[in-house]
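Asks: Chains as they are written, first to last, in my numbering: chain U, 457 to 672; chain E, 3 to 481.
Please keep in mind that the hints were generated in silico from the structure rather than gathered at the bench.
Cβ coordinates follow ideal geometry from the N, Cα and C atoms, glycine included.
There could be a bad hint or two in this list.
What the hints assert, rightly or not - Quick look at which bits of chain E chain U covers, simulated, 3 or more residues with Cβ under 8 Å:
1. 64-73
2. 154-167
As the list claims (entries may be wrong) - Selected chain U positions facing chain E (Cβ under 10 Å, derived; list incomplete):
3. Leu505
4. Ile506
5. Gly572
6. Trp588
7. Trp613
8. Pro617
9. Ile621
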Amino acid sequence: MVDQVLGLIPIFGAVVIGFSSLLLLISSNWRWSIVALALQYFGALLLILIEWRIPMAATVVLAGWIACFVLFTVISSLSRGKDDSDNEQNSTINMFDISSQYQPSSAFLFRLIAAGVVGLAVISLVPGLTDWIPGITLEQSLGGLILIGLGLLHLGWTANPFRVITGLLTVLTGFEIFYSAVEISALVAGLLAVVTLGLSLVGAYMIIAPTLESIS
Amino acid sequence: MSAPILWIAMPALLSLILFFLRERIRLITVIGTITALLLAVVAWFIPFEEIINIGPLEFELTASYVFLGRQFVLDAARSSVLVLLYGVVAFWFAGSKVANTNTFFVPGGLLVVSLLVGALAVEPFLYAALFIEMAVLVSIPMLISPGSMVGRGILRFLTFQTLGIPFILFTGWLLAGVESSPGDSTLVLQASILLIFGFLFLLAVFPFHSWIPMLANESHPYVAAYILYLFPMVIMLFGLGFLDRYVWLRSTPDLYSILRFAGTIMVIIGGLWGAFDKNLSRIMGYAVMMGIGFLLLALSVSPVDDGGGYMITIFIALLIPYGFGLGIWALALTVLRNPRDGELPFSDIYVFENLQGKANKFPLAASSLILAIFSSAGFPLLAGYPPRFALWTNLTQQNPLITLATLLGSTGLIIAGLRTFSVLVKGLGENPFTIMESRGQKLLLVIGMLLLLIGGIVPQIFSIPYSRLAEIFVHLGNN
Chain U
457 MVDQVLGLIP
467 IFGAVVIGFS
477 SLLLLISSNW
487 RWSIVALALQ
497 YFGALLLILI
507 EWRIPMAATV
517 VLAGWIACFV
527 LFTVISSLSR
537 GKDDSDNEQN
547 STINMFDISS
557 QYQPSSAFLF
567 RLIAAGVVGL
577 AVISLVPGLT
587 DWIPGITLEQ
597 SLGGLILIGL
607 GLLHLGWTAN
617 PFRVITGLLT
627 VLTGFEIFYS
637 AVEISALVAG
647 LLAVVTLGLS
657 LVGAYMIIAP
667 TLESIS
Chain E
3 MSAPILWIAM
13 PALLSLILFF
23 LRERIRLITV
33 IGTITALLLA
43 VVAWFIPFEE
53 IINIGPLEFE
63 LTASYVFLGR
73 QFVLDAARSS
83 VLVLLYGVVA
93 FWFAGSKVAN
103 TNTFFVPGGL
113 LVVSLLVGAL
123 AVEPFLYAAL
133 FIEMAVLVSI
143 PMLISPGSMV
153 GRGILRFLTF
163 QTLGIPFILF
173 TGWLLAGVES
183 SPGDSTLVLQ
193 ASILLIFGFL
203 FLLAVFPFHS
213 WIPMLANESH
223 PYVAAYILYL
233 FPMVIMLFGL
243 GFLDRYVWLR
253 STPDLYSILR
263 FAGTIMVIIG
273 GLWGAFDKNL
283 SRIMGYAVMM
293 GIGFLLLALS
303 VSPVDDGGGY
313 MITIFIALLI
323 PYGFGLGIWA
333 LALTVLRNPR
343 DGELPFSDIY
353 VFENLQGKAN
363 KFPLAASSLI
373 LAIFSSAGFP
383 LLAGYPPRFA
393 LWTNLTQQNP
403 LITLATLLGS
413 TGLIIAGLRT
423 FSVLVKGLGE
433 NPFTIMESRG
443 QKLLLVIGML
453 LLLIGGIVPQ
463 IFSIPYSRLA
473 EIFVHLGNN
C-alpha cells in the first residue's frame, strides 16, 4: 500500500508541473505567476527525489521558493505605491500587473493552443529521451520537457523582465530534473541553487532599476 | 599561500569591500586598477610551487585549492591567462573614472573577472559553465543604468547565456561516456551537437547574435565593451580547453569547417550591418561580432594540417589588438558624450545626427575613434592589421573564398569608419576650434592612439606578455 502511494508521487509531481507551468504561461496577474512558480518547484522536488536524497533535493525547492519570495517582495513593494497619483512606480508596476487591463479571449485561447502544441511535441519526445538518458523515468522526462518547452515558449513572446526571469527559472528547473538523473553532486546542486537565487536577484534589480535615482 | 585564493577569492572579497565604498568613485577606481595590475604583475613574475623569500617573509604559491570536494587549479602554465585577464581589467579600470561609468563597474568588474578565473581554474572543467553564468548575473547590474528601463539586448544577453549553460553541463556528462568508449559514434555525435549549441549560445554566434549590437546600444559603451570583450575571450579559452583535452574532438575535420563557416558568417554580418548602421554604439557591437568571427576563424586553422602552434599563436595575436581597439573605441564614445546628453538614453546619444561636427570640440576623441574603427577593421599600419594579415594569408591557402568574404566584412567596417569621419568633421570650419577633453581624457586617448599606431608597425608589443599563453594548451600549442 505504502509502495503504491510512493509510486504515485512522481506522477503527482508531473501533474503539478504541467498545471503550474500552464498557469504561469496564461496568467496575467503577477501574484498568480509567483504562486505557479512556487508550485512548479514543489513538483520538481517530487521528481528530483527519485534520484537525489532529501537534503540535496531540498536545495532546489528552497532556492526556488526563496527566488519566488524575492520577486514577490520586490513587486509588492512597488505595488504599495501604485495608488499614489503621478508616481513613477505606477508605470513600472503596470508592466507586471496587467490583470486589470482588457485582454481579448483570443489571446487566452492562443496561449492555450500554443501550450497544447508544445504539449504534443513533449509527448512525442519523451520516449526518445528515456532512451537517450539512461536511468531517467517517464515522469521525469515528461516533467522536465514540459518545463523546458513551456519555459522557452514563455521566453519567446515576452520582453518583460519579470516574465523573462520566470521563463528562465522554468527552463532551468526542467534542466535540473534531467540533470538529477545523471549527476549526483552536492557542488552542482549548490551552484545551481546559487544560479537560481542569482537570477531572482538580477530579476529584482531589473524590476526596480527604472525607479532608482539616476547617478550620472 | 594558494594561487586560487590569491587570484579568485581575494579579488572577489575585495569587490565586496569596494561595493560598499562605491560612492567614492576615485578611490575605488585607484584601488581596483592597482589591485588588477598587481595581480597581473605577480602572475607574470612570481614562480609557482617554489619557495619565495621576500625579506623575512617566506611563502610558496601552491597551484591548487580544494573547495567542496572540487579542485581549483592555477599552475604556472595558466599564469599567462592571469596576466591577460587582470591586465585587461587594469586597462579598463584605469579609464573608468574618465569614462564616467556607473558605480557598480569597478566592484562588479572585479567580481566578474574573479568568477571567470574560477571558471578557467575549476576541475572538473564542466563546472566552468556555472561560474560563467554567475559572472553573467553579476554583470547585469553593471549594464543597467539606475533610472532606466531594461532593454531587450540585456534581456537577450541574460537569456542566451543562461540557455547555453545546460548544453555545456550535459556535454560534460556525455564526454565522460565518450572517454570511456571513444568508438561509440552515436555518443560522440550527441556530445558534439550539444557542445556546438552550447558555444553558439555563449559566443553569440549567428543566429544568436542579435543581442550584441542591442546591448552595445542600451548600456554605457565602456561597460558594454568590457563585457563584450571579456566574456567571448574567456569562453573561447574555455573552448580551447575542450579542443586540447579531447583527441576525438580536435581530430574531427568537420569541426574546423563549422568554425570556419560560423566565423565567416559573423565577419560578413558584422561588417555589412555595420556599414549601413547610423549609430556608433551599435556599430561597435557589429565590430565585436566581427572580432568574434575572426577569433573563430583563427581557431579554424586546423591543428591536423598545421601542427597546432599556428592556431594558438594567431588567436593570441588577434586577441590583444582587438581588445585594445575596442577599449579605445568605447572610451572615445564616452568622451564624445556631452554633459547635456546625460538626459538622453544611450540609444539616442550616438546616432550620427547627434554627433555632427563633434571633431571641432573633441578632436582627440574623434581621431582615436576613427583609428579604433579602422584598427578593428584590420586597416594597414594599425594594430589590428598584422594578425589579420597573417590569418588572411593562412585562410587563402585553405579557401580563397573565405578570405574574400572576410575582406568584404572588413571593408564594411571601413565604410562605417569613413561615414563616421564625415559626420564628425561636418561643418568643421563654421565654429571656433576648441579642445574640450579633460586632462585625463587627453592623456588616455593620446596613449591609445600611439599604441594603435605603434602596434601596427611593431606588432610584438602586444603579444610578448602573452607568448606563454600557448603553454596551457599542451596538445594544441606545443605540437
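Asks: Now tell me, hint by hint, if it's right for this structure.
Replies: Do the hints match the structure? See the list:
1. 64-73: Holds, because 3 residues of the region 64-73 of chain E bring their Cβ atoms closer than 8 Å to Cβ atoms of chain U.
2. 154-167: holds (count 8)
3. Leu505: violated (20 Å)
4. Ile506: Check failed: Cβ of Ile506(U) comes no nearer than 17 Å to chain E, outside 10 Å.
5. Gly572: violated (23 Å)
6. Trp588: holds (7 Å)
7. Trp613: This interface hint is violated because 13 Å lies over the 10 Å limit.
8. Pro617: holds (5 Å)
9. Ile621: With Cβ-Cβ at 8 Å, under 10 Å, it holds.
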